[in-house]
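Visitor: Fit chains B, C and D with the ligands to the supplied structure of chain A, relying on the hints for placement.
Here is what each chain is made of, one letter per residue.
4 protein chains.
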Amino acid sequence: MVKVGVVGYGTIGQRLADGVALQKDMELIGIADVAPTLPVLALKEKGMPYNFYLALSENKEKLEKFGIPISGNLEDLIKKCDIILDATNAGIGAKNKKLYEKYGKKAIFQGGEKTEIADVFFHGYANFEKGLGKQFLKLTSCNTTGLIRTVDALDREIGIDNVIITIVRRVADPGDYHRGLTNALKVDKVPNHQAVDLMLVMPHVKATGTLVHTPVTHGHFITVAAKPKKTVTKEAVVEIFKKHPRIRVVKIEDGFLGNASIFKFGRDLGHPRGDLYEVFTWEETITVFDDRIIYSIHIPQESVTIPETIDGIRAAMKMQLDRLEAVSLTNKYLNIKNINY
Amino acid sequence: MVKVGVVGYGTIGQRLADGVALQKDMELIGIADVAPTLPVLALKEKGMPYNFYLALSENKEKLEKFGIPISGNLEDLIKKCDIILDATNAGIGAKNKKLYEKYGKKAIFQGGEKTEIADVFFHGYANFEKGLGKQFLKLTSCNTTGLIRTVDALDREIGIDNVIITIVRRVADPGDYHRGLTNALKVDKVPNHQAVDLMLVMPHVKATGTLVHTPVTHGHFITVAAKPKKTVTKEAVVEIFKKHPRIRVVKIEDGFLGNASIFKFGRDLGHPRGDLYEVFTWEETITVFDDRIIYSIHIPQESVTIPETIDGIRAAMKMQLDRLEAVSLTNKYLNIKNINY
Amino acid sequence: MVKVGVVGYGTIGQRLADGVALQKDMELIGIADVAPTLPVLALKEKGMPYNFYLALSENKEKLEKFGIPISGNLEDLIKKCDIILDATNAGIGAKNKKLYEKYGKKAIFQGGEKTEIADVFFHGYANFEKGLGKQFLKLTSCNTTGLIRTVDALDREIGIDNVIITIVRRVADPGDYHRGLTNALKVDKVPNHQAVDLMLVMPHVKATGTLVHTPVTHGHFITVAAKPKKTVTKEAVVEIFKKHPRIRVVKIEDGFLGNASIFKFGRDLGHPRGDLYEVFTWEETITVFDDRIIYSIHIPQESVTIPETIDGIRAAMKMQLDRLEAVSLTNKYLNIKNINY
Amino acid sequence: MVKVGVVGYGTIGQRLADGVALQKDMELIGIADVAPTLPVLALKEKGMPYNFYLALSENKEKLEKFGIPISGNLEDLIKKCDIILDATNAGIGAKNKKLYEKYGKKAIFQGGEKTEIADVFFHGYANFEKGLGKQFLKLTSCNTTGLIRTVDALDREIGIDNVIITIVRRVADPGDYHRGLTNALKVDKVPNHQAVDLMLVMPHVKATGTLVHTPVTHGHFITVAAKPKKTVTKEAVVEIFKKHPRIRVVKIEDGFLGNASIFKFGRDLGHPRGDLYEVFTWEETITVFDDRIIYSIHIPQESVTIPETIDGIRAAMKMQLDRLEAVSLTNKYLNIKNINY
Ligand SMILES: NC(=O)c1ccc[n+]([C@@H]2O[C@H](COP(=O)([O-])OP(=O)(O)OC[C@H]3O[C@@H](n4cnc5c(N)ncnc54)[C@H](O)[C@@H]3O)[C@@H](O)[C@H]2O)c1
Ligand SMILES: NC(=O)c1ccc[n+]([C@@H]2O[C@H](COP(=O)([O-])OP(=O)(O)OC[C@H]3O[C@@H](n4cnc5c(N)ncnc54)[C@H](O)[C@@H]3O)[C@@H](O)[C@H]2O)c1
Ligand SMILES: NC(=O)c1ccc[n+]([C@@H]2O[C@H](COP(=O)([O-])OP(=O)(O)OC[C@H]3O[C@@H](n4cnc5c(N)ncnc54)[C@H](O)[C@@H]3O)[C@@H](O)[C@H]2O)c1
Ligand SMILES: NC(=O)c1ccc[n+]([C@@H]2O[C@H](COP(=O)([O-])OP(=O)(O)OC[C@H]3O[C@@H](n4cnc5c(N)ncnc54)[C@H](O)[C@@H]3O)[C@@H](O)[C@H]2O)c1
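Chains as they are written, first to last, in UniProt numbering: chain A, 1 to 341; chain B, 1 to 341; chain C, 1 to 341; chain D, 1 to 341.
The following block holds chain A by itself, in its conformation from the complex (with noise of 0.2 Å):
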């Protein structure tokens, strides 16, 4: 058993537990955060499922006044572990690092670190073998993340060139008020760093993009336009992202509509939070034209990255050798079903 520590509970770190506590073969040792915030109240009102860790001592008396009880402090939860998942705000990982480092642990960092903080920039499926036995791993963002999926399938099947992608990307996560935008759009230089960042995990292909910020909440949207090495059908593109575990085929004419109607459909699953650990396609926005496969991506941000955190895991601690092998396992306790109609 694999003893597993979550730092910073939020959006991520909620997540990350949950899936972890699912790994037959890893152990939750607990989360750390520094305050009472709202995912803390609600682990209280859950009955303490996961012993917290105070990461801000003199916050002490915050936490009393709710009656949530503390299993001790960051280093304490440090020691106890073999691998960490910080998944504190964007530049606090980087502090964190120090610790991991004093007690020699490993840790993975999420995608708001800078790609600098690890040995290696790690996605599960695209790169396993890269991240075993490393000590630091940083994940992909969460539309890196999606996106290298698809952009691997392929790659494994019938050989990437490049890819030119767009990202409609939501600006929020849902109960954000630190961030947000009200009827603007918002465009970023080409290329956005999600490219860049395909071009650090899949070196072989090349990439460029265009994103632009949207007023919506519940996932990221991109359009990929992929040069294949091989000319390639449209239903050869859906059978091999219907095989992927991890990618979903739907259809517009069964009523997803677009990333609501996705988010809704995961509530209506009764996943914990409505989360769906899978990006979706539609098949109709599928084709194949010119030199180019097209296609467009739903990515659902808060949850994406969890399974390849799991991967990271994996790799690091050198449960499994073999990159399929691992991420199935990982498959198989998130329960992802590969269900396409």
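In short, the hints are calculated from the structure, not lab data. All figures in this text were calculated on a predicted structure; none of them were measured in a lab. Check before you lean on any hint, since a few could be wrong.
It does not matter which identical chain is used: a pair holds within one copy or between any two.
In silico DSS-like pairs for lysine-lysine, Cα to Cα no more than 27 Å straight-line [said to hold, decoys possible]:
| no. | residue 1 | residue 2 |
| --- | --- | --- |
| 1 | K24 | K46 |
| 2 | K332 | K46 |
| 3 | K189 | K130 |
| 4 | K3 | K234 |
| 5 | K46 | K229 |
| 6 | K134 | K242 |
| 7 | K206 | K229 |
| 8 | K234 | K206 |
| 9 | K3 | K98 |
| 10 | K332 | K95 |
| 11 | K230 | K102 |
| 12 | K234 | K62 |
Guide: What follows is chains B, C and D with the ligands alone, placed relative to chain A:
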């Protein structure tokens, strides 16, 4: 065991089915809908915990395409039930009523139907006794249900002469594509229907109000200026609300910044779909001014009517004759905990 | 002086009327609508700069209630004109066409009508010659009008083989209450109609694309990946766009952060309604990658079709026979200045 | 001719400059800002109708890059003026005040500054006399300015004892990228600052209220429940509002459906930027209930403070000593027409 069927498995119907399934003294016979909608696909992916009855026979093939087992048609369901919860789109209930009459069954309709459809316009807490043994009940709409909870709570303790309300109405549910506003507020005539409806259910209280539709999906927001029959302090009002199991008092300073915080909190609590049965009020919005008690409430529109509808089953079927006995059984089975900080 | 009437005085009709009124070689005979809509009330408050014709006689009293002088009915207007700009709601133009035929008048329809309604699917810059002397023209829709401007500009200089586009479509105009999305993206089937329409107007260019509707009102956003027939530098592309009077090149770093900056800029320029006739492109979104030119454009949907519609008058009435002579007269009278920094 | 300068040429500053330029008894000496912002670029494209003074000398080169002629620095502007309208970002005015003191000039600050900055917290209609001859005035914020117009109008005719308000606040101006909410309502503590501010300007009226921020840009919406000192009919209230030049009474049934209709109406009226100086109320939202007058108002936040600020010049400079003489001159030059249907 009272046998219950749910007709219309959309936003409200799904939650009614889940709520009934939790009641230890009720049996959910099944649910009916007309097509393989996304909620029905989700039901399928969850392993068909509820039996599905097809209300539109010509769609049989479509259902079969998705491998959804059909337990019968709408009349088959009705025949097996003691009472039907009709949660079809506004106006359809009036048609279905003929079938319920044909088989001599009881039914509870939701807020979208005309008030004339029912023998009594029902609200569990406020007028439970009126529903006792009646064949047809119509539940108050989501805003009115939540509003009446709070006005009734105050009225029973201190007496309320009249209320003036402003409703900031969420214009669509998450996932809705058939309605929506973009960067626009829409104003309704005064009085809004919720004030009028309140007077129908609580004829001894006068009410008026303004309503403005806003482009958000995560809950209605209402400000209330209620005129009490005797003077009262803010603290007393807070205590009345805190005692009520279906009203939750929170604080802005604890992180409950608005509707989106509450929606996120419901998800983080791990409730299916992130649903919340309680209305919320913020302590910092409660005050006593001149001759009025002022407070604000948050209405989780997708789930707020579930408890009162289940109270309605208890009343119509005379499962309990006492109001408080009935509502507290509903609360118990729905796991409503009455937590306040 | 060519005599012009505008039928339908809504979002597009008002702007067409203003645009025609500025043309020194045209005379605006009047405008027609069916009711005292807000634009008609605004016309009244401005002192009736344009004569009003009532297209629905039964509404006469309503108009009189507001003191709006009526110059005649729809047929009265048609009879006095050489050419009608029909800007009624989609589908109405097809009915009105019979009247235009009855009086042997020319007409130009907007994008909401079926393409079959017209003798030629028209775009001032791209196929002016096709419109010469024709009776019925239909203008490309707002997205297609702007898109074609840029593709045509590139095509005339370096040849374009094909284009792949992603449209981030504003879902409603400011002030629209009859359509809207709230926190939802809506995906369309590939190819979108704009790509198909481009091929109708520019049959030598292949096109496909994806479209996602977004909850904003201030302009469509399009990314284009165009395959040129010969290699080209980014600088050359920028120069081609800068030379085009109806394309404006701006920089994100100068403060043009997205659609809302541009909308605000139009207002600050003091243009009536803040309207802009140009499409905008951001220098930082233009790049050359693999075999493709990549760039993004902003489409001010309310006003972008005005110049090309006026070009259509010039073509249909054979006021000019030469494309560049015609469009530059339109530009001059519309005060399009070709400013770039 | 009173010599006026505008410091800070953003949303408010631009409109102040335009408003002053229209006053036949004032001279706009120039405007000052720190950088070639989009409003300054727009000024350039309009042919520099106002002289530009550079408030941050290190940015000189940036201005020159765009060919913007510089008439001097901030102190140069101040020296030439009798009075400065400071419309810089909240907090900057406090710093600038030292310069105004240095040169012994008068100044009017906007709502973002602290109330202590000024000798009097000013509102043209409500407390004109208090501003007479004062050196430093601070104008009420946009919501408070509009609210006080209506409360003062009622108060002068029938006496108002107290008001309870609910503000549905637009969270950002069109074009704002530095603030915004996405699918979220944000609740403020009761009482909101607008109620407190009302009491500062009208100390004989008690006030409280709730405020919720909403993700829209086209105007604030306020419901008011005002307690009159004598009974009054709805019709009388409508008449009081109709008589007021800066309040406009409209009807939902005429098509004024909400904030976005009004914003569009302003644009269709052809006003620069589509601006409106009036607050709007809907006849169908006005009622008399129990001891209260109830009504709703729309606040065009970008332009509503312009008239009262110009009134402030008249007071501070003692151009008129009589309240009604002063405001009606402002109204006349701003072309406020007092139209009601
Ligand atoms: N939200 C997304 O959609 C998303 C998707 C993919 C990746 N990410 C990345 O995941 C990381 C976390 O983002 P998030 O959205 O979950 O943020 P969040 O703000 O929801 O959660 C961060 C949590 O970390 C806690 N925290 C801050 N400092 C801490 C410390 N010193 N010790 C312990 N806890 C601390 C905060 O209190 C908060 O609860 C970031 O790197 C982000 O870029 C986010
Ligand atoms: N959505 C809310 O926030 C809310 C809140 C309170 C009350 N209500 C009321 O609840 C009712 C249902 O609303 P909803 O939001 O759940 O609608 P919905 O559209 O989500 O669901 C309605 C369901 O009824 C099904 N249906 C339609 N005709 C049918 C028929 N003849 N037989 C069986 N099923 C049929 C539809 O396929 C759909 O699945 C309405 O009266 C509404 O006014 C809704
Ligand atoms: N709004 C846009 O962004 C946009 C952009 C490009 C093209 N278009 C196209 O322009 C056309 C008009 O669209 P719009 O947005 O201006 O619509 P709109 O609804 O703003 O205006 C249409 C006007 O036509 C009037 N009308 C309806 N029937 C009439 C009749 N029989 N006779 C006279 N007037 C009548 C209506 O009262 C209304 O004022 C449509 O074909 C649309 O697809 C719209
Ligand atoms: N925007 C509104 O709706 C609104 C309504 C009423 C009152 N106000 C108040 O008006 C004031 C201005 O707000 P705004 O919305 O116009 O802001 P804004 O950001 O649009 O404009 C402020 C301008 O001031 C300039 N500036 C900053 N520092 C300066 C300096 N030292 N010297 C000269 N110029 C400087 C900025 O460059 C900017 O152009 C604030 O007090 C605000 O609270 C705003």
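Visitor: If a hint holds in the structure, say so; if it doesn't, say that too.
Guide: Outcome of the hint check:
no., hint, result
1, K24 x K46, "both (21 Å within a copy, 22 Å between copies)"
2, K332 x K46, "both (25 Å within a copy, 16 Å between copies)"
3, K189 x K130, "neither (30 Å within a copy, 38 Å between copies)"
4, K3 x K234, "neither (44 Å within a copy, 50 Å between copies)"
5, K46 x K229, "neither (51 Å within a copy, 40 Å between copies)"
6, K134 x K242, "neither (32 Å within a copy, 51 Å between copies)"
7, K206 x K229, "both (12 Å within a copy, 21 Å between copies)"
8, K234 x K206, "both (22 Å within a copy, 18 Å between copies)"
9, K3 x K98, "within (19 Å within a copy, 62 Å between copies)"
10, K332 x K95, "neither (34 Å within a copy, 46 Å between copies)"
11, K230 x K102, "neither (50 Å within a copy, 58 Å between copies)"
12, K234 x K62, "between (57 Å within a copy, 25 Å between copies)"
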